[in-house]
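Q: Listed below are the residues making up each chain.
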Amino acid sequence: QKEVEQDPGPLSVPEGAIVSLNCTYSNSAFQYFMWYRQYSRKGPELLMYTYSSGNKEDGRFTAQVDKSSKYISLFIRDSQPSDSATYLCAIPEYGNKLVFGAGTILRVKS
Amino acid sequence: KAGVTQTPRYLIKTRGQQVTLSCSPISGHRSVSWYQQTPGQGLQFLFEYFSETQRNKGNFPGRFSGRQFSNSRSEMNVSTLELGDSALYLCASSLGAAQNIQYFGAGTRLSVL
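Here the protein sequences come in this chain order: A and B.
Start counting the first sequence at -16; every next residue gets the next number (the numbering used here).
Start counting the second sequence at 3; every next residue gets the next number (the numbering used here).
Excised from the complex, chain A in its bound form:
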């Protein structure tokens, strides 16, 4: 079993839809959770960084953590074609070592 599981998609939605991206993890000791976005031919860029259970909102993006279920989510409201990218969940395992999910490919159709 991988430490971090993520459905690779692809996920295709119409413009304006609410998108839900999810990851599960196996190690209950994990405390910090991140979402990165990666456009084609680019490196990953950090979208959201959360520590505790609950929700964190930043503009159209909301990160949700449920430590009891070991489940993290990223919601995108009013999705735009410019949101088309690969979304990666990432968890610091120890120090600066990040463990990544497989990444979900998102396509927002105009």
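It is worth saying that the hints were derived from the structure and are not from the lab.
Check the hints yourself; a few may be wrong.
Here chain A is said to cover these stretches of chain B; the calculated rule only asks that three of the stretch's residues, wherever they fall, bring their Cβ under 8 Å from a Cβ of chain A [said to hold, decoys possible]:
| no. | region |
| --- | --- |
| 1 | 38 to 47 |
| 2 | 53 to 67 |
Derived pair list, reagent style DMTMM-like, types lysine to aspartate or glutamate, alpha-carbon separation capped at 25 Å [stated by the list, open to error]:
| no. | chain 1 | residue 1 | chain 2 | residue 2 |
| --- | --- | --- | --- | --- |
| 3 | A | K39 | A | D66 |
| 4 | A | K50 | A | E(-14) |
| 5 | B | K59 | A | E28 |
| 6 | B | K59 | A | E76 |
| 7 | B | K59 | A | E(-14) |
| 8 | B | K59 | A | D66 |
| 9 | A | K53 | A | E(-12) |
| 10 | A | K25 | B | E77 |
| 11 | A | K25 | A | E76 |
| 12 | A | K53 | A | E(-14) |
Small disclaimer: the values here were computed from a predicted structure and weren't measured.
Here a beta-carbon is modelled for each residue, glycine too, at the ideal position from N, C-alpha and C.
Given the coordinates of chain A, assemble chain B onto it according to the supplied hints.
A: Just chain B now, with coordinates in the frame of chain A:
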């Protein structure tokens, strides 16, 4: 402020050769981490350098090595290249403390023929 710079962007090598990739971190960042990204395995941690010392290491063979210089710039070397080493190699820099935000470069695309 300039971001993380990786050179070269693209590289083609043949089996058995060796290759060196370079990473210049964001000014003031002392930690540099390297990751390999492939369609099959996703993003996997190679190693991290902090103040010229390897601080963490992933599960890669000894053919993969790295170093960091006093100005925090880092190089990664792969010896005796194999076809399976074809990948996007990403470098990330951070201030250095655990759980610091890591900023990624655009990567070096290595193709092994």
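Q: Taking the hints in turn, state whether each one holds.
A: Checked hints:
1. 38 to 47: holds (count 4)
2. 53 to 67: holds (count 3)
3. K39/A <-> D66/A: 19 Å, holds
4. K50/A <-> E(-14)/A: 14 Å, holds
5. K59/B <-> E28/A: 23 Å, holds
6. K59/B <-> E76/A: It holds: about 12 Å lies between the C-alpha atoms, which stays within 25 Å.
7. K59/B <-> E(-14)/A: Status holds; Cα separation ~17 Å.
8. K59/B <-> D66/A: 33 Å, violated
9. K53/A <-> E(-12)/A: The given pair, whose Cα atoms are some 11 Å apart, holds under the 25 Å limit.
10. K25/A <-> E77/B: Satisfied, since the Cα-Cα distance of roughly 20 Å is no more than 25 Å.
11. K25/A <-> E76/A: Judged against 25 Å, a Cα distance of about 24 Å means the pair holds.
12. K53/A <-> E(-14)/A: Between K53/A and E(-14)/A the Cα gap is close to 11 Å, so the pair holds against 25 Å.
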